[in-house]
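Colleague: Protein sequence lines, in the order shown, are assigned to chains A and B.
Residue -7 in our numbering sits at position 1 of the first sequence; the count goes up by one each step and never skips.
Basically our numbering = 1-based index in the second sequence + 202.
Rather than coming from a laboratory, the hints here were simulated on the basis of the structure.
Beta carbons are placed, not taken as given, at the ideal position from N, Cα and C, and that holds for glycine.
One or more hints might be untrue.
Unchecked claim - Distance ranges between label pairs, derived from CB positions:
1. B:P577 - A:E141: 54 to 62 Å
2. A:A5 - B:A605: 54 to 62 Å
3. A:G51 - B:A605: 53 to 61 Å
4. B:L619 - A:G85: 41 to 49 Å
5. B:A605 - A:A58: 19 to 27 Å
6. A:W66 - B:R582: 24 to 32 Å
Claimed, not checked - Here are some of the chain A residues that sit facing chain B, going by a computed Cβ distance under 7 Å:
7. L47
8. L49
9. R67
10. A84
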Amino acid sequence: MSGQGVPVLRQPAHRVSRRAVAWWTVRAAAGWLVALVVAAGAVLAMPDRPGGWPLALGGLAVLAAAHTAVMPGWRYRVHRWEATADAVYTQAGWLTQEWRVAPMSRIQTVDTHRGPLQQVFGLATVTVTTASAAGPLHIEGLDARLAGELVERLTATTQATPGDAT
Amino acid sequence: MSPDGWLRLNPKMLAIAPAQEVVKFVPLLVVAALAGGRENRGLVLLAAVGAVVGVGVLRWLTTRYRVTPERMELRSGLLFRQHHSVPRDRIRTVDVTAKLLHRAFGLGVLRIGTGRHERGREDELVLDAVSSVEAERLRVALLDRTAAPRPASGTAALPADAPAAGQLDPAAFQPVPAWRPGGAAGTELARLSWAWLRFAPLTVLAVASVGALLGGVWQLLEQAGVDVTDVGAIEGAVGWLRARPVVAAVGSVAAFLLVAGVLGALARYAEAWWGFRLSRQPDGTLLVSRGLLTRRSVSLEERRLRGVEVEEPLLLRAGRGARLNALATGSGSGDRSALLPPAPLAEVNRVAAAVLATAGTAAPPGQRLRLRRHPRAALRRRMIRAVAPAVAAVLGLAVAARAQALPYWPAVAATALVPLAVLLGLDRYRNLGHRLTGEHLVIRSGSLVRQTVILGRSGIIGWRVSRSVFQRAAGLATATAVTAAGAGGYQVLDCDLATAAELVAANRG
């Protein structure tokens, strides 16, 4: 499919920041920790515990460990983005992979978002919206400085490009 | 009119609003009447009615609106003051509805929509109610783009707009002829033909709703303590049915329900579409006016039109009929976007072409446009999706029967679902197709409701290509054309990856 003249879906050129792996790991671990504590607390609070509860809790813990260990590295390999002179591309997805493009001329707003955890790791999420109800493009885990530059560039380009097809 | 331009709603609402409020508060009034002791029941009822009427009068007294060159404003409420203000260039739709009571007084309810949703609720101003003349004046004035200042929008793909004057055109505020049933002037694109009534019984929903209505009435009567079998006519009918063999009895009940359903569907069609007229107004809007008891008038800016959608539910398709909806930014879907009643396919195609042509897209897609088929792998996916649930149902019932939880006949009966599922899968694949023309993207899919979307290419504001694990294994992809109109995105289901890439490449920017 890579022959001349045949259009192909362009694989976005960039990966997100390497530090995003650490961020995703910490976030997943924290989420699972809360879930495990709540589950354990609920089981221990029961007057007569159902049989096999250590097995169920153990299974949950194994699942949590596996997810926390595998997900961030996998996600780092899958999540890609690119901003060319005429469009923004993203690619993401675990079982169902989704590839998105928003042409520059259709972009309405460009936002960044930095949660407390992202700030610790010096990361940011960039959200690019168009006029559609079908939802925006997200680039998660970009280097914060790079994200700032990207937003500036996109804002400048979209202001120079008229119209948004609304 | 006060010096700063604030207007009140029509004073006739002083008569209508209390009547409406009383109807709304009937349950409350009943409670009030029952709660009061026997001796002061009349007094309590009087106080309650007085309070309800007072609320209606207060609402009229406190509601004011005005149109300035930049904004439409609405103030209401006494204890909770509300001030809605909408920039005029954000107004997308101006609809007028007149229910029976309003029509008796020559009034209409005006809804001014911006097409935006805030916290799940549609952002709209409602004027309940103004006179028909005022409603028409506001409709024309608010949608008149030459009068309202508006930010520059160059590539809106639709015909070049008249230069923004920046000033309110005084002519827009001259009274216009009264809002007549059948709509105002303009170029007529379609009007109701009574021969289309034959499509009414083919709308399953209408037939089913009559059944639901009968059931509801039955339940009400039962709750009210009326023994339905006591009514002479029904008693006679039940006696007559009892005397027949089971097959004849079931058959005649089914026939009765069918006839009632068909009559109900005819009545609903007539009520909803009486005096239907679709016209193009000189101010660049499409105007749909219709309705027998409740008169509706829906305006749609052609500037906002991005395409149309032809819907063919199975029965309607069998009768060679279809529905036509507009895909416009800021008008969502549903009742408001209907451009035609269920009508013959040829008429739907004619009107679709006329509407698309006015939206500045030169070559309307032909009636017999050949669509590109999707790969055979898509057939396999359609079949698996259709047949697997049927097979699962049969197996589930069989297992239940083996465990003696059920008799065997449900499992045997369910096997009849399998060939139906095969037909469904085949039809879903047969209907799957798309085509990129110079001006449009045409997408067709579905079986029980076949949907053909004709989307102007300039209205496509992005693409998504998604591939599930199974699609990757089969070399397929689903490409979604993202648009600001209608549902927000329209899927080209299960095309091959190269086709998806082609579509994306052809429509970038």
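Colleague: None of the hints should be skipped; say for each whether it holds.
Modeller: Quick rundown of the hints versus the structure:
no.: 1; hint: B:P577 - A:E141: 54 to 62 Å; result: violated (42 Å)
no.: 2; hint: A:A5 - B:A605: 54 to 62 Å; result: holds (58 Å)
no.: 3; hint: A:G51 - B:A605: 53 to 61 Å; result: violated (29 Å)
no.: 4; hint: B:L619 - A:G85: 41 to 49 Å; result: violated (34 Å)
no.: 5; hint: B:A605 - A:A58: 19 to 27 Å; result: violated (36 Å)
no.: 6; hint: A:W66 - B:R582: 24 to 32 Å; result: holds (29 Å)
no.: 7; hint: L47; result: violated (28 Å)
no.: 8; hint: L49; result: violated (30 Å)
no.: 9; hint: R67; result: violated (16 Å)
no.: 10; hint: A84; result: violated (10 Å)
Hints 1, 3, 4, 5, 7, 8, 9, 10 from the list above are not met by this structure, while the remaining hints are.
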